[in-house]
Amino acid sequence: MDLQLPTGWFFLLLGAILIGMGVFTSNMAPLTTVNVNLYAGLLMALFGGWMLWLSKRAS
Amino acid sequence: MTLAPVDYAILALYFAFVLGIGWVAKKRVATCDDFLTSCQSVPVWITSLAFIAANLGAQEVIGMCASGAKYGIMTAHFYWVGAIPAMLFVGVFMMPFYYGSRARSVPEYLKLRFDEKTRAFNAITFAGMTVFSSGISMYALGLLFQLVLGWSFTASVLLSALIVLVYTTLGGLTSAIYNEVIQFFLIVLGFAPLAVLAVYRAGGWEGMSTRLPPVMTHSWQYLGTPSANPMGVEIFGLVAGFAFVLSFGYWCTDFLVVQRAMAAESMSAARRTPVIAAFPKMFMPFVVILPGIAAMALAQMNVGYALPLKENGVPDYDQALTTLMAQFYPSGMLGVGLTALMASFMSGMAGNVTAFNTVFTYDIYQSYFRRKAPDSHYLMVARLTTVVGILLSIATAYLAQQYNNIMDLLQLVFGFVNAPLFATFLLGMFWRRTTGHGAFLGLVSGTLAAAITHGLTVAEGKGGWLGSFRDFPSTMAQNFWIAIFAWSTCFLVTVLVSLGTKPKPDVELQNLVWGLTKMPNEQGVVWYERPGTLAIVVVVICIALNFLFW
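Heads up: the protein sequence lines correspond to chains A and B, in order.
Numbering of the first sequence is given in our numbering, commencing with residue 203 and proceeding in unit increments.
Numbering of the second sequence is given in our numbering, commencing with residue 9 and proceeding in unit increments.
Since the hints were made in silico from the structure, they are not lab data.
Where hints are given, some of them may not hold.
Calculated lysine-lysine pairs in the DSBU-like style (CA-CA distance at most 30 Å, straight line) [to be verified]:
| id | chain 1 | residue 1 | chain 2 | residue 2 |
| --- | --- | --- | --- | --- |
| 1 | B | Lys380 | B | Lys512 |
| 2 | A | Lys258 | B | Lys78 |
| 3 | B | Lys380 | B | Lys34 |
| 4 | B | Lys78 | B | Lys380 |
| 5 | B | Lys318 | A | Lys258 |
| 6 | B | Lys78 | B | Lys510 |
Computed from a predicted model, the values in this text were never measured in an experiment.
Isolated chain B (complex conformation) (with noise of 0.2 Å):
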């Protein structure tokens, strides 16, 4: 694929807008909670589609449409299944526990709820993760540019990871989460003509329907047993692993999301803001997985167009997204296009770059370094891990290029700590009797059997260090089923700890608990202001288009 110079104008006109951007917030930058929580000023709009565009990163887009060319339209299940329920959740019943403390972040919000532990291993991992989420996303796009157009590893992650740096350490969140709305814009305008011309040109879904297998274009038919489907999976692991474990574990506890959320200005615009983002959320699957299904049906038209194939002869579904792009657009959109597929790698590091600041500054630089310093002085902390968090991620990228193995160990010991979690924060904010103890040794022991789950299964030849009592179809499966068995173990053995403890008095609980917070009054409030009204309007639509795509 070569790129024109009009493409690398838009490329550049995209740069000058984000850097300016930054420029304009960081006149409003003048404490250290303007910089890293926005001091709850941000529009409603505004969070709710930076909440969506922060988990919109470029492998995400690459990685949906990948697994729509792989598995059909049964990849919808990672929006309408696994993130709609949970998002509309942490609107409705969480946002108010959330919001309402008053906590700078889902730490601190641990911290207030339980004890300092349970913040300690919260903030720690969570401070890793995402500096390592970021640096494996710098490094999956160093590799696709360098694969695609030619460009050098370095250049590719440099130029991206420099422009993040400016506009996050100038304008902080406000910043990055004003830059999340355009990217946000421009990740569907640049990838939806995509999806219309290549459906259009496979023949319309009756088309792609007629020379596909059907199991390719229908999302729940074909999950009643693991073997009757690409996946591996069966209802059961879907619903309770993925739908229920581990996005809700994700979307209701994961600060990247939440603190775009907590950024809202009013209590009320919080809980509408993962709602509102839920609407376009679930129309996402139209924008980024459609154009792989379609690209399978134009590889059996003989119009021209393959896959291209790895060096094992299998095809490298990765590569569907760009392949598309250099049959569908023209020098001037392939611009556009290849512009919102860096937007959207911006877009997801920033949203780690803005949380892994904000958990490092307030809880563990201001709780276990200097506690009593002057506002300046955070800030200059919080700017300079901006640099060293940015510095760390491209570090992540160099070692997974040198060691691929590394990564994916690390996300395998993350997704042992996040499996867990949702458990803990459901029985904390939702049963007053549960104890710091309890929360912190359910953690501890949640993410144990996580690994000891994964020590004795195998799938696709991962697992089984500890030996082999069931096989997976695929690792997907085997995934499901070690979230469910990390967030049973959670629950039981923080309710078990929780009844042999002493828990908290009621007076240091309120507005962190059930049944001790004030719930909004929504009496008076028109219709589309009320995040309940809005999430029932959501679960309609989202029902209908999975009896659409059954």
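Just chain A, with the same shape it has in the complex (with noise of 0.2 Å):
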């Protein structure tokens, strides 16, 4: 089994949705003024596009 495919999509999923959350909802933590959502969202979603290149090279 090639752990990356299912770690890439995982975190590319899991980017999108924080994606959304970011740049759709106003949801804001009390002691920060930053986007978390979309800074994490886009952090993830990059980690797993990463992966999935990765896998798909080594295929």
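Make the complex out of the two chains shown on their own, each in a separate frame, by following the hints.
Below is the structure:
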């Protein structure tokens, strides 16, 4: 089993959910003005994409 | 703290993926060895991450953040001093014996190297320890989720246990290891943003240093005397008791972590597993400890953050992580944070359960109950043992809920057993004259020495049941000294008894002992695939980190 594949999809999906939350909702945490969902979502989507790219390259 | 539907959706997504991996891994399970040892076929990057993830349980994540809030950056000693040197040692020096002996478990190595009674002692105590550790961790998670989210203790415990049960019973060790990798990434990506946000809000390292007492931001400077630091420890106790005895005793002999390296696809990969794992491990303090220190700085800033107090008015440090998440994570990331917490619990529990079923099936059932049965029988026993292990863990969690003191006692007894183990392995692997009688009597006397030291010393009202010859400022300092006495006694008794008993002939010690084991030839291997070279890189970075936070 190529673990990079499920890892990639998991973080890509997670990233997409968080980016959606960051863009379409105005949820903010009490102690920060940063759009945490958007930036963390981008980070996770990038990581997921990188994993998928590694998986594709290996296959 | 209230969760939104999206947070629950993230938790459900995670559960779906871990179960899916269990389902796919099931297709690879045809024999008992597939189920319990992965047939030494797992790629090195996976075994390396699983190596640290199995140790990254919920108690570790919550506990390290709590210790960060209580003791400051000195907590990083649990990584830089209490893990890295031992991880490098097991990879570079000990793995050739574990892997080269073709033993399927650490107790089996003891049987090959020494004799049956030494294996039985280790197998039985280890099996008991893993089940109870898993149960105590489960209890801690159930309690935390009850306190923070208002979830039912039973629901939290049973749901998480059920998920672990399904994926470990389906895919065995492969499933556990593969899931541990996703769990590791989730823990890092779930908590790293919290560390960045909390430290940034607290004014960065400079801002935190000005708001907190200096002892919170220096790792070595206040270790001259026990009274100078909140841990109540000094350099000798820390280095000899913790960094040497306890740390090496855990990382080099505990089958829970060693099993991950033994699942690697080659000897070279098995040796590199703990060494590669040391790279992320030495940076983990920035993910799990820094938020705790930032929490204490934020509490001084009047920004609306404060640690909840316990009934006796003392800050509840265990809530540092979850209260920070509530302040810095909106719905969405809050779900990721809680899922990461659940993942850390599951990785710890799966680690314990997969080690338990291997030791029980091979070292107890196959050795003492039914020696020659078809492979399908042992596969069935291994799967049943997984179920029984999880049921026993659940029972332990409820026992802990009812009688908290029993858990303190059990942890203490296990500490007594673990402390002298490293002396047995050190002598067994590097001194071919060591005998089975020496190893066994050394272990038993080391364990007794640990109990007697505890009985003759007192710390925070604990111990002293035989008298009070020494008062320690903290139970941590007491534990370090118990470990020193236990290790020294085990070492001495093993040497003396070995000198008076007949050793095994050299022909029976091939691939088990230094000098009779062919060490891997690394000529022509690129530097980043050489365990020794990688270990030197780790040492240099680790020393630099210690100087940076001196």
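Taking each numbered hint in turn, which are not upheld by the structure, reported in ascending numerical order? 2, 4, 5, 6
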